[in-house]
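K.L.:
Given next are the chains, with one letter for each unit.
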Amino acid sequence: MEGLEKQKEHELLTVISEVEVPYYWSIGRYAGEFLIELRDHKRLVGVRCPKCRKVYTPPRKVCGPCFTEMDEMVEIGHTGTLVAYSVVNYKFIDPNTGKNRPIPYIYGYIKLDGADNTFSHIIDYSDVEKLEVGARVKAVFEEKRVGLPWDIKYFKVVD
Amino acid sequence: MANRVAIVGVGQTHHKSKRLDVNGVELINEAVLRAIEETGVSLRDIDAIVIGNMDHFESINYVDTWSVDGSGAYMKPILKVTTGGSTGTSIAMAGYYHVASGLFDTVLVIGWEKNSESDTTGAIITCSDPVWDRFSYAGAIPSLAAEATAYMKAYGITERDAARVAVRDHTHALNNPFAHLHKNITIDDVLNSPMLSYPIKLLDVCPRSDGACAVIFAAEHKAKKITDSPAWIHAVSTRHNFGWFGDLEYARIPSLELASKEVYKKAGIREPLKELDVIELYQPYSFAGLKWIEAIGLCGPGEAPKLVWDGVTDMDGELPINPSGGVLATNCIGATGLIRVGEAALQVMGKADNRQVSDVKRALATGFGGCFWSDVVLLGKDMPK
Amino acid sequence: MDRVAIVGVGQTKHEKRKRGETFDTMVYEVTYKALEDAGITIREIDNVVTVSNDFWDGRTISSMAIQDACGSYNKNISTVEGDGTFGILYGALRILSENFGTTLVVSHMKGSESHMNLITNAMFDPIYERNLGLDAITSSALQARAYMDKYGITEEQCAKVSVKNHKNAKNNPYAHLAMDLTVDEVMKSRMLAEPIKLLDCSPISDGAAAVILASEKKAAMITDKPVWIKGIAHCADAYHLGDRDLAECAALAETSKKAYEMASINDPVREIDVAEVYDAFSYQELMWYELLGFCGRGEGGRLIDERVTERNGLLPVNPSGGCLSAHPVMVAGMVRVIEAALQVRGDAVARQIPGAKTALAHGINGPCGQSHCIMILECN
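Chains as they are written, first to last, in the numbering used here: chain S, 1 to 159; chain G, 1001 to 1385; chain Z, 2001 to 2380.
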């Protein structure tokens, strides 16, 4: 068709849009308690299910498998075991900041002592050679804490 | 009265890394027109439409209403189902449920994604909890890589084992004109490719593709008129047990185990390795081609490498996996799961051209996404009871 | 059509900002309430359909946030992205397929956590329309103007809808904005986008809702007051505002026609006892009267002038207060269904329309009422 053939010769245009959309998520009572304990007392806490007795961190209202409301906050350790990890090595834009997140960094799932699920966080990059599934790790806290999960600066491998 | 349901036609675009020549609505329309032409129905015959993709990729809100020009949904019933990476299989199931309900006889299901228009990693990061996970989560690749490290440790699996899977799928893709990537690669090519997120290297993982797929589902009385070789839906199942990545088990994938068990139970399958003829596995990276075939019961935990190295899952093996090349060759996310179902249907219908496996009576398709969301769909040549 | 019933319902109080609640706590609240209402436990739920929108939540795969809270562990599950009515429709289809005996459908929304205009601007075409700054309010203003000019509907008539619904909301403990207003107060309220004034416009609310559906067989075991879905239909209109005659909505006419046919309704005004319609804006309620067949085209204004849709009129519309009084987007259509179900069950307490047996519930998705879903409910 003549018209379409002409179209093929044209440049292919694009529209670029960069929109900043702010969100104001409520943290809620359960997660809030974890962050307040962390900020004020350098303590990590989890919540225990009255039915299956599992301890979850970060705390949340409902134990999914039991579909039961949880209430009992328990203190858990600063140390744990690395269950799974990866070393992130490609450039990407952090949707939280709109800028590239610094790489490489280590991303891992830690079973904190006293908790039954795992806690995702960053491992100190200087420990990259010591990384293995099953390694023992310990939380390192920021001096000045504000009530957010990165009040834990990172986890370090302990021997 | 519930209907028996079959897939009667599949259309898909030739998937590419950038379709600069079409906007999203036009991309959708391409797949729809191909499905309609291929099936020999007209838009008039379509009673309802289901569509899915991942919103934050193309940054379009209310995609069901936005896309009516392309989807053919003008003055028709349309529903949007979105479940993340598993969207494609979730919409296939929605198409099945629409027809099975008895309220709609012929339903068009459309999956699509224009990944070139998105910041894929940024968008995927927003699936994580904004307080707990987002600051450390870097998208699908590292989270899958973490799964791989736990699996490797638990069962002594190696990167080389995973590379064998990647070579298989890329080789299969050479037979598939619709696949995005057509790469002739070796195991060493995979092992030497750039490390993205240990242990996942570039050739271990899926590309980002622009593409769309449309599949037509029909009730028994219509299906038989439309085609001589409908692909009947025998059973479907979904499991998505958690919302936080930290709640998952990492050495195994229980959601896929549970979903496949339910499908096998419904269909009376006891030995999937013997009773299935072909599998289109949603496998976004190579290690999944080992870990997840254990989960669907082809072998025990840690035994997948032997199956793969023995050639059981190659095109000439006992149970070919991903004759289309799978997700490693094409990943237009909203469509990818639907392509698995569509490709499985083409296998049953005998319309898979150069990638056709011989004598397919039963084909399995799976979907994956979210917090290890697992979808399983079983198709068959014979009408279910 | 085989029979599907609503056997349990639950909703939160809809509010401006539920600061202490998160998506999952709200979903747990309504799931728990619906289970209690039905008198069953989560074990009796065969599958779950969640309803949410990624843009509103600021989260891709918005359903992930509420997995634990909706009791989906080890169950089949899916997610509809669209108004709650569409979620209920899908939940019903899954039961009619004979794969499940019960479906829990649950929706959530925290409109307070972002900016409505950015979120709804994103529903417009990124190539031609978004840069115009269109959002839900400005686009609806275009529709209001087109409709009112074509049919001679006045702003005062629209204001009457606002007065009626906000007053009705006083009977509804779940409503966000219950108040006594006069037409004058509505007319004098701040102009947002001509002709839509502040009091013509629904608020943006935080809230959640859940509905439990059951097959005929299961419903009989669960309750002696099943609310039957006698008719259910959905349909979408054209997309670009310029492709539509905004004063018309063939999709709604088509949807209601189908739903009425399924429910064997020939004379909606006489055969429907109460209607809960999606009044995101005051003009919309009048326009929907016409397209739902409550009156002829252009007679929406007359209907409200003649008080036909007041609580004590021939066909009460929105005795709950409607969306004008509580608008958790995505949830609001489900709330219409819940309110309609409570009416025909005789459980609507202070907002009960006496003797209601047949009700209509209506939900919308997309700009300017592009896509509609209607349910006709009945309880014997």
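I should point out that these hints are in silico values taken from the structure, not numbers from a laboratory. Please note that the accuracy of each hint is not assured.
[To be verified] Taking lysine-lysine pairs in the BS3-like style, the calculated list, with each CA pair at most 25 Å apart, reads: (1) K2258(Z) / K1076(G); (2) K2075(Z) / K1266(G); (3) K51(S) / K2075(Z); (4) K2217(Z) / K1266(G); (5) K1261(G) / K2257(Z); (6) K2258(Z) / K1265(G); (7) K2258(Z) / K51(S); (8) K2230(Z) / K1076(G); (9) K1261(G) / K1381(G); (10) K1274(G) / K156(S); (11) K1153(G) / K1274(G); (12) K54(S) / K2230(Z); (13) K2217(Z) / K1385(G); (14) K2258(Z) / K1385(G); (15) K1274(G) / K99(S); (16) K1016(G) / K91(S); (17) K1274(G) / K130(S); (18) K111(S) / K1266(G); (19) K1076(G) / K2257(Z); (20) K91(S) / K1018(G); (21) K1266(G) / K138(S).
These numbers were taken from a predicted model, which means no experiment stands behind them.
K.L.:
Work down the list of hints and note, for each, if the structure agrees.
P.N.:
So, going through the hints one by one against the coordinates:
This hinted pair checks out: K2258(Z) and K1076(G) have alpha carbons roughly 12 Å apart, not beyond 25 Å. The suggested pairing of K2075(Z) with K1266(G) holds, with an alpha-carbon distance near 15 Å, which does not exceed 25 Å. Between K51(S) and K2075(Z), the direct Cα distance comes to roughly 19 Å. Compliance with the 25 Å bound is thereby established for this hinted pair. Taking the CA atoms of K2217(Z) and K1266(G), the gap is near 21 Å; set against the 25 Å cutoff, the hint holds.
For the proposed pair K1261(G) and K2257(Z), the alpha carbon gap of about 43 Å is over 25 Å, so the pair is violated. Between K2258(Z) and K1265(G) the CA atoms are separated by roughly 38 Å; this puts the pair beyond 25 Å, and the hint is violated. Taking the CA atoms of K2258(Z) and K51(S), the gap is near 48 Å; set against the 25 Å cutoff, the hint is violated. The hinted pair formed by K2230(Z) and K1076(G) meets the criterion: a straight-line CA distance of about 20 Å does not exceed 25 Å.
Under the criterion of a C-alpha separation no larger than 25 Å, the hint pairing K1261(G) with K1381(G) is consistent with the structure, at around 21 Å. Note on K1274(G) and K156(S): the hinted pairing is violated, with a Cα-Cα distance of about 48 Å set against a maximum of 25 Å. At most 25 Å may separate the alpha-carbon atoms for a hinted pair to count; K1153(G) and K1274(G) exceed this at roughly 29 Å. A C-alpha spacing of about 45 Å is found between K54(S) and K2230(Z), which places the hinted pair above 25 Å, so the restraint is violated.
A hinted pair counts as satisfied when its Cα atoms are at most 25 Å apart, and K2217(Z) with K1385(G) qualifies at roughly 22 Å. About 32 Å separates the Cα atoms of K2258(Z) and K1385(G), which puts this hinted pair outside 25 Å; it is violated. Restraint check for K1274(G) and K99(S): not satisfied, since their Cα atoms lie roughly 51 Å apart, outside the 25 Å limit. For the given pair, K1016(G) sits about 22 Å from K91(S) by alpha-carbon distance, which is consistent with the 25 Å threshold.
Restraint check for K1274(G) and K130(S): the C-alpha separation of about 43 Å exceeds 25 Å, so the hint is violated. For a cut-off of 25 Å, the pair hint linking K111(S) to K1266(G) is broken: about 36 Å separates their Cα positions. Taken as a hint, the K1076(G) and K2257(Z) pair is honoured in the structure, with Cα atoms around 13 Å apart against an allowance of 25 Å. Among the hinted pairs, K91(S) with K1018(G) is consistent with the structure: their alpha-carbon atoms are about 20 Å apart, no more than 25 Å.
Our distance criterion of 25 Å between C-alpha atoms is broken by K1266(G) and K138(S), whose separation comes to about 47 Å.
Of the hints listed earlier, those the structure fails to meet are numbers 5, 6, 7, 10, 11, 12, 14, 15, 17, 18 and 21, in rising order.
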